[in-house]
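Asker: Please take these sequences and the hints and turn them into a complete structure.
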Amino acid sequence: NAGVTQTPKFQVLKTGQSMTLQCAQDMNHEYMSWYRQDPGMGLRLIHYSVGAGITDQGEVPNGYNVSRSTTEDFPLRLLSAAPSQTSVYFCASSYSSGGTYPQYFGPGTRLTVL
Amino acid sequence: EDQVTQSPEALRLQEGESSSLNCSYTVSGLRGLFWYRQDPGKGPEFLFTLYSAGEEKEKERLKATLTKKESFLHITAPKPEDSATYLCAVQAGNAGNMLTFGGGTRLMVKP
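As you go down the protein sequences, you meet chains U and A in turn.
Using my numbering, read the first sequence as starting at 1 and increasing by one per residue.
Using my numbering, read the second sequence as starting at 115 and increasing by one per residue.
Mixed in with the good hints there might be a few duds.
Stated by the list, open to error - DSSO-like mimics (lysine-lysine), calculated; alpha carbons at most 27 Å apart, straight line: (1) A/K156 - U/K9; (2) A/K156 - A/K171; (3) A/K156 - A/K177; (4) U/K14 - A/K177; (5) A/K224 - A/K156; (6) A/K177 - A/K224.
Since the hints were derived computationally from the structure, they do not count as laboratory data.
Answerer: Listed below in structure tokens is the structure:
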């Protein structure tokens, strides 16, 4: 099992550009989520999905879109990048959206917006 | 609003010097408290889940404990390879799978 994989590992964008951060998991997990991690702010939830076709907003959703067409994939789209979106982005997955299960994290994407 | 506070922010230990990291939380109906380890440039790695006050979990030199207001991560005779940032997160009863994270404790163990 590769677990949770993310691409790219690093990305530099100019203000106003759009891009998609890819996330995939091979554990057949029902729940997937996206976090951003900023110094002094901890990990904050952007969007999450409780299953294919179902997504919802987290704590900091503005400027981001998600979709979940398959169980395995959960891409995060930046619509028009802003310097405030410079951050490290982590995708995570969990066995089920019910119950109490740990979330397993990918290696992260470090994004810089100039 | 759910809140998680970790202390200290940073901790320097000598190899073999035991200590504890604190995670204080305020949550509406705790379903679970999670401890993660994060190495520089990597994603958080799951360590433990604690479900109710009085519960303890152990893994090698780490032991996590839980009370109604806080959790401790005890590190016994740490080694340099235990150096990392340790994150605590809570899952509230009314929040589905959503986790609220603390800011983390950066642990440095000197040989």
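Asker: Hints first: check each against the structure and report whether it holds.
Answerer: Status of the hints after comparison with the structure:
1. A/K156 - U/K9: The hint holds at about 10 Å.
2. A/K156 - A/K171: holds, 24 Å
3. A/K156 - A/K177: holds, 23 Å
4. U/K14 - A/K177: Judged against 27 Å, a Cα distance of about 45 Å means the pair is violated.
5. A/K224 - A/K156: Holds, at about 21 Å.
6. A/K177 - A/K224: holds, 20 Å
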